Amino acid sequence: GLKTLHLGSCVITTNLQGIRSGFSEIRDSVQAKDEIIDVRILRKTQSLQGTKPADQCCLLHHILRLYLDRVFKNYQPPDHHIFRKVSRLANSLLTIKKDLRLCHAHMSCPCGEEAKEKYSQILSHFEELPPQAVVVKALGELDILLQWMEEA
Amino acid sequence: VPCVSGDLPKPTNVAFISINMKNILQWNPPEGLQGMEVSYTVQYFIYGQKKWLNKSECRNISRTYCDLSAETSDYEHQYYAKVKAMWGTNCSKWAETGRFYPFLETQIGPPEVALTTDEKSISIVLTAPKKWKKNPEESSISMQQIYSNLKYNVSIYNTKSNRTWSQCVTNHTLVFSWLEPGTLYCVLVESFVPGPPRLTHPSERQCVSTLEDQTTALEVK
Amino acid sequence: DGVAVLPAPQNLSVQSTNMKHVLTWSPVTVPEEIVHYSVEYQGEYESLYTSHIWIPSIWCSPTQRPECDITEDITATVSYSLRVRATLGSLTSTWSTLKHRFNQNSTILTPPGMEITMDGFHLLIKLEDLGPHFEFFVSYWRREPGAKEHIKVVRPGVLPVYLETVEPGAAYCVKARTFVKAIGRHSAFSPTECVKVQGEALPL
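Chains as they are written, first to last, in the numbering used here: chain B, 1 to 152; chain X, 153 to 373; chain Y, 374 to 577.
Because the hints were derived from the structure by calculation, they are not lab data. This structure is a prediction, so every number in the text was calculated from the model and none was measured. For each residue, glycine too, the CB sits at the ideal point set by N, CA and C. Accuracy of the hints is not assured; some may be wrong.
Here are the computed lysine-lysine pairs in the DSS-like style, where the Cα-Cα straight-line distance is at most 27 angstroms [stated by the list, open to error]:
| no. | chain 1 | residue 1 | chain 2 | residue 2 |
| --- | --- | --- | --- | --- |
| 1 | B | 33 | X | 285 |
| 2 | B | 44 | X | 174 |
| 3 | X | 272 | Y | 521 |
| 4 | Y | 472 | Y | 525 |
| 5 | X | 162 | B | 33 |
| 6 | B | 44 | X | 162 |
Calculated from the model, a selection of chain B residues having no Cβ within reach of chain Y, i.e. all distances over 12 angstroms [claimed, not checked]:
| no. | residue |
| --- | --- |
| 7 | 35 |
| 8 | 38 |
| 9 | 40 |
| 10 | 69 |
| 11 | 97 |
| 12 | 122 |
Quick list of the computed label-pair ranges, beta carbon to beta carbon [stated by the list, open to error]:
| no. | chain 1 | residue 1 | chain 2 | residue 2 | range |
| --- | --- | --- | --- | --- | --- |
| 13 | X | 326 | Y | 572 | 50 to 58 angstroms |
| 14 | X | 161 | B | 123 | 40 to 48 angstroms |
| 15 | X | 191 | Y | 429 | 33 to 41 angstroms |
| 16 | X | 349 | B | 123 | 46 to 54 angstroms |
| 17 | B | 35 | X | 214 | 49 to 57 angstroms |
| 18 | Y | 467 | B | 45 | 49 to 57 angstroms |
| 19 | X | 326 | B | 123 | 30 to 38 angstroms |
| 20 | X | 222 | Y | 562 | 49 to 57 angstroms |
| 21 | X | 326 | Y | 460 | 58 to 66 angstroms |
| 22 | X | 321 | B | 73 | 23 to 31 angstroms |
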């Protein structure tokens with residue numbers, strides 16, 4: 001059924017399987033456009049499941065905001081098919097971010113040092129690359145982010 | 153002796169074939185060079201790291217596959233591989249795979265299926281598929297340990313009524329009782345992990361017959 | 374943009390049942406001419422972050438009929454804005470936008486069709502194929518006082534699904550409802566269906 005994400009004291013349910021299936025439809029073509037294969041934005045050392053539970057919500061909230069503010073917004077899809085699939089992902093992740101914002105409102109999404117440190121590392125990897133290249137890379141790494149969420 | 157790169161066409165259809173985390177890189181000979189004495193060299197790359205790495209057992213080989221299971225066994229990582237063809241002093245450019253994510257892409261093999269019957273029932277015992285292991289001496293890891301939400305789709309075909317029905321289970325033993333005596337039933341089982349679609353491998357179809365009805369057998373005597 | 378001399382389509386509305394969504398509108402009629410329509414949509418993300426961007430509907434850009442199957446356009450559980458315009462050659466109407474945004478969580482869920490059969494002493498159920506969104510909650514029990522009700526979650530599939538091994542002479546009842554993960558809602562139960570098992574009841 002639905003996936004329940006346990007992020008410290010923030011607990012949300014989401015149709016993660018539907019989102020993953022949606023991404024798997026465009027994964028190969030999006031990743032094929034990422035030619036900078038020696039740089040990875042979402043690295044094992046900043047993974048959600050490697051973060052202490054209390055900080056997981058804040059870390060995920062920041063990562064989703066990064067995707068919504070700077071990845072989907074600047075991504076230029078090669079065709080309408082990809083455009084629709086990316087729209088589905090953006091809108092699906094938007095619903096998760098809205099749920100995390102509710103946790104934030106209920107004080108169950110604190111930002112500790114670990115979350116801040118890991119997010120700043122992710123941001124530095126993100127800002128290492130030219131704008132259009134990083135957008136393509138970040139979109140191609142959604143399978144990593146979704147796997148982190150699966151394991152949360 | 154370095155070869156002249158680019159004079160040969162590249163190998164084609166370079167891709168990972170992955171079942172139970174046994175990750176084999178496979179390709180076809182370059183166009184027009186089938187049957188010729190072509191040799192190949194393989195390299196692989198861990199996404200996000202810095203260098204292409206050699207696979208010594210797959211340098212100057214004549215076969216068209218290379219087992220990269222050991223090199224691609226970290227679930228957290230994603231990989232690329234590439235292969236080039238050599239013939240005499242000429243060689244091709246590299247032919248590269250897309251990004252390969254074993255944890256998401258590996259196909260889940262079928263379970264082992266053991267059937268036992270008596271007069272009116274069939275017991276099915278499933279053994280989860282085993283993950284690839286480097287050395288036979290290593291202890292086996294079941295794919296269930298990797299994918300805790302692994303399930304099985306069991307389908308049963310009643311050859312007498314010509315009907316097939318299915319059941320989705322997570323446990324490894326199930327008994328179908330009140331079957332028809334003296335009837336051939338065929339069982340087929342498929343493992344699957346809920347989530348993004350993966351290719352699946354159903355088990356071999358196994359058929360077994362329930363015993364004849366003992367009561368009528370006694371009356372006949 | 375073409376000069377907007379065509380009237381814009383009116384009376385836009387969405388009918389949605391079992392996660393199939395159809396946008397309809399009143400046709401724009403021009404004697405002896407065929408008017409085409411184009412449909413576009415915006416999810417909540419586009420409205421908030423890229424409000425200038427509209428996405429052409431997969432099946433209706435363009436279309437001749439005054440309706441559009443937007444099921445494959447509405448793919449997330451957020452509110453969507455939809456708009457339609459008419460075109461005739463180089464003439465183009467203004468956009469007409471759906472008054473209220475549409476969210477798939479408002480879809481009408483109907484009880485599933487089901488077929489209860491037996492193979493010998495095995496109770497089987499075959500459920501209506503409603504598409505990949507749907508799972509089914511099947512409830513079944515033996516028709517006798519104090520009988521325990523069993524629940525089985527059934528995924529969409531081609532084959533009938535085994536429910537229970539039954540006893541001769543007994544009666545069993547079944548009902549089912551759908552569950553849609555994407556919107557976290559289920560339908561009402563189908564009417565209950567009961568079957569009597571052949572043969573003599575077993576001695577107590």
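Hint check:
For the suggested pair residue 33(B) and residue 285(X), the alpha carbons sit about 33 angstroms apart, so the restraint of at most 27 angstroms is broken. The suggested pairing of residue 44(B) with residue 174(X) holds, with an alpha-carbon distance near 22 angstroms, which does not exceed 27 angstroms. With a C-alpha separation of about 25 angstroms, the suggested pair residue 272(X) and residue 521(Y) falls inside the 27 angstroms cut-off, and the hint holds. About 41 angstroms separates the Cα atoms of residue 472(Y) and residue 525(Y), which puts this hinted pair outside 27 angstroms; it is violated.
Taking the CA atoms of residue 162(X) and residue 33(B), the gap is about 20 angstroms. The hint holds against a cut of 27 angstroms. Only pairs whose Cα atoms come within 27 angstroms are accepted, and residue 44(B) paired with residue 162(X) is rejected, the gap being roughly 34 angstroms. At the 12 angstroms boundary, the C-beta of residue 35(B) stays outside the reach of chain Y, the nearest C-beta of that chain being 26 angstroms off. Here residue 38(B) stays apart from chain Y, with its beta-carbon at least about 30 angstroms from theirs, past the 12 angstroms limit.
For residue 40(B), the condition that its CB be more than 12 angstroms from all CB atoms of chain Y holds, with the nearest at approximately 25 angstroms. Not every C-beta of chain Y lies more than 12 angstroms from that of residue 69(B), the closest at about 7 angstroms, which undercuts listing it as non-interface. With a minimum CB-CB distance of about 10 angstroms to chain Y, residue 97(B) fails to clear the 12 angstroms threshold, and the non-interface call is violated. With a minimum CB-CB distance of about 20 angstroms to chain Y, residue 122(B) clears the 12 angstroms threshold, and the non-interface call stands.
In this structure the hint that residue 326(X) and residue 572(Y) lie 50 to 58 angstroms apart at CB is violated, the actual value being about 24 angstroms. Checked against the hint of 40 to 48 angstroms, the C-beta distance between residue 161(X) and residue 123(B) comes to roughly 44 angstroms, which is consistent with it. The hinted window of 33 to 41 angstroms between residue 191(X) and residue 429(Y) is violated, with their beta carbons roughly 51 angstroms apart. Remark: the range hint 46 to 54 angstroms for residue 349(X) to residue 123(B) is contradicted by a beta-carbon distance near 33 angstroms.
Between residue 35(B) and residue 214(X) the Cβ separation comes to about 31 angstroms, which falls outside the hinted range of 49 to 57 angstroms. For residue 467(Y) and residue 45(B), the Cβ-Cβ distance of about 54 angstroms falls inside the hinted range of 49 to 57 angstroms, so the restraint holds. Taken as a hint, the range 30 to 38 angstroms is violated for the pair residue 326(X) and residue 123(B), whose Cβ atoms sit roughly 51 angstroms apart. Distance hint check: the CB atoms of residue 222(X) and residue 562(Y) are about 53 angstroms apart, consistent with the given range 49 to 57 angstroms.
The hint said 58 to 66 angstroms for the Cβ distance between residue 326(X) and residue 460(Y), and at roughly 60 angstroms that hint holds. Restraint check, residue 321(X) to residue 73(B): a C-beta distance of roughly 45 angstroms breaks the suggested window 23 to 31 angstroms.
In terms of the numbered hints stated before, the structure departs from hints 1, 4, 6, 10, 11, 13, 15, 16, 17, 19 and 22, listed from lowest to highest.
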